[in-house]
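Engineer: Given next are the chains, with one letter for each unit.
There are 4 protein chains.
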Amino acid sequence: ITVVSRSRDLSQEMVKKLIHQSQEVKTQSYCPYSKFRVGAAVMTLDNCVFTGCNVENACYTLGLCAERNAISKAVSEGYRSFKAIAIASDLCDQFISPCGGCRQFMREFGSNWDVYLSKPDGSYQKRTVDELLPLSFGPEDLSMNKVFS
Amino acid sequence: ITVVSRSRDLSQEMVKKLIHQSQEVKTQSYCPYSKFRVGAAVMTLDNCVFTGCNVENACYTLGLCAERNAISKAVSEGYRSFKAIAIASDLCDQFISPCGGCRQFMREFGSNWDVYLSKPDGSYQKRTVDELLPLSFGPEDLSMNKVFS
Amino acid sequence: ITVVSRSRDLSQEMVKKLIHQSQEVKTQSYCPYSKFRVGAAVMTLDNCVFTGCNVENACYTLGLCAERNAISKAVSEGYRSFKAIAIASDLCDQFISPCGGCRQFMREFGSNWDVYLSKPDGSYQKRTVDELLPLSFGPEDLSMNKVFS
Amino acid sequence: ITVVSRSRDLSQEMVKKLIHQSQEVKTQSYCPYSKFRVGAAVMTLDNCVFTGCNVENACYTLGLCAERNAISKAVSEGYRSFKAIAIASDLCDQFISPCGGCRQFMREFGSNWDVYLSKPDGSYQKRTVDELLPLSFGPEDLSMNKVFS
Ligand SMILES: [Zn+2]
Ligand SMILES: [Zn+2]
Ligand SMILES: [Zn+2]
Ligand SMILES: [Zn+2]
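Protein chains in written order, with this note's numbering: chain A, 1 to 149; chain B, 1 to 149; chain C, 1 to 149; chain D, 1 to 149.
Everything labelled a hint here was simulated from the structure, so no lab data went into it. Since this is a predicted model, take the numbers as computed values, not measurements. Quick reminder that beta carbons are idealized off the backbone N, C-alpha and C, glycines included. Hints may be right or wrong, so weigh each one.
Unchecked claim - Calculated lysine-lysine pairs in the DSS-like style (CA-CA distance at most 27 Å, straight line):
1. LYS119(D) / LYS16(D)
2. LYS35(C) / LYS146(D)
3. LYS119(C) / LYS35(D)
4. LYS126(C) / LYS146(B)
5. LYS126(C) / LYS146(D)
6. LYS16(C) / LYS146(C)
7. LYS146(A) / LYS17(B)
Stated by the list, open to error - Short, incomplete list of chain B residues facing chain D, as computed with Cβ under 10 Å:
8. GLU56
9. ALA58
10. CYS59
11. TYR60
12. CYS99
13. PRO139
14. LEU142
15. LYS146
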């Protein structure tokens with residue numbers, strides 16, 4: 001209804017393009033261990049797009065997901081407000097969904113923005129960050145009243 | 001309805017005790033950076049309880065949450081099936097909720113078990129892992145059909 | 001030379017036993033993705049031992065290494081000072097060495113304690129945390145003088 | 001001595017510039033929790049530079065270091081071979097050193113490249129990845145001979 005909320009809505013064409021960009025960057029995936037390629041493309045409030053792929057590590061726990069890669073890139077260029085992120089994988093029959101770590105990473109920058117879970121054929125499901133991480137723990141919680149009992 | 005599903009339900013007394021155990025271990029929290037103490041107590045299918053606290057690190061990203069601590073402990077003792085986990089913090093006015101990383105860690109061991117989000121006064125909310133991590137990415141996804149386009 | 005530093009030295013028998021404990025807990029490893037089993041056993045200043053294995057996750061980055069598992073367990077039981085940690089894997093020809101993340105996790109609790117890198121046959125190499133993580137970033141660094149230019 | 005190793009050496013001017021770039025991106029740091037700003041600039045074999053800052057999270061463990069941010073960015077653009085990385089912080093009296101997690105992340109892409117630890121005044125220390133992570137665990141280890149005892 002307001003200008004801001006309206007601008008958050010992506011046109012069909014924009015969604016299609018964003019998903020395409022997440023598919024493109026997927027080809028850069030460094031995943032010698034899982035062989036599971038993932039790409040992500042995040043759009044800032046003023047329609048800039050940053051893309052990322054997963055970057056695995058011999059110590060599995062130290063790898064990085066595509067979604068966090070894309071968002072970190074955007075942050076390093078000065079962006080902290082996002083409209084949407086699209087995610088792509090090679091799974092034919094499944095809309096690729098972000099891991100809990102990435103959901104938390106997204107939520108740091110607000111819970112009211114959109115996540116496009118896609119398939120290789122370009123079909124998708126849309127969810128908000130809040131829908132993917134209900135009852136989330138966020139920045140505000142760290143400074144709320146505490147009891148030391 | 002089945003024996004297994006019935007056994008998953010904790011009595012009021014068991015819930016109360018599990019939350020108490022999460023509060024007890026909270027006092028061991030190593031959190032010099034956030035000063036945000038968290039405790040967790042996980043109950044296995046055969047009612048064993050393992051507890052964990054958060055363990056922070058000067059490189060913030062390398063710390064460990066209380067929930068993952070408790071579950072890892074249980075795994076290292078041979079348990080991989082859980083009924084419930086209780087979480088405690090010092091927040092007076094907020095039921096402490098697990099971060100996305102911990103939700104994903106829980107989900108590795110099934111999405112149909114219970115998470116008790118508590119307050120210092122012992123009051124709580126109950127959610128399933130699935131409710132906290134809807135549309136989750138899990139072990140099955142890694143082996144599903146892939147298209148290499 | 002001092003009582004404390006002398007007590008830090010493990011007898012041959014103690015080393016052998018600590019390595020054995022790391023091998024034992026290795027059998028609990030949850031590693032469906034890497035099939036790479038790791039166990040660790042950490043000894044506190046007063047000779048208590050805590051053991052841990054690696055706990056992997058479908059989202060690889062959210063797994064936990066054996067070393068961090070063992071140390072977190074000890075912390076959750078009130079220990080923050082350690083003498084030594086032993087690490088075991090299934091590699092025949094290689095002394096298993098901790099990842100950088102685990103080295104940083106160890107270093108949080110001091111850099112002057114011992115890491116035993118072992119082989120399945122029980123042979124080992126000894127290194128200090130400091131040798132494995134030279135020029136380390138640690139707790140003190142966070143509070144040093146800063147310039148805001 | 002060989003062409004490759006010679007090309008790995010940066011001129012004084014290149015070092016100075018790389019450090020400057022790490023200082024520039026430091027200003028984008030998202031660090032509401034630690035207030036500890038870090039920047040990093042990584043140079044590929046063909047002299048492209050990618051920069052990153054730290055990106056913290058309310059769940060501390062899910063944040064990202066500057067070094068991993070810079071390298072992930074480069075990977076997502078198709079680069080996997082690096083000459084050098086420079087790191088900058090606000091510490092006046094200390095050459096900022098990478099955490100163990102970042103050392104492991106660097107090492108995934110080789111251990112024989114350079115890390116410039118800098119101070120705000122532009123002075124620096126040079127170390128190789130191997131010097132910062134001796135006896136490292138790396139990609140090769142995952143596929144070495146195993147004993148299942
Ligand atoms: Zn993820
Ligand atoms: Zn957590
Ligand atoms: Zn490790
Ligand atoms: Zn780091």
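Engineer: Which earlier hints can't be squared with this structure?
Structural biologist: Per hint list: 3, 4, 6, 13, 14, 15 violated.
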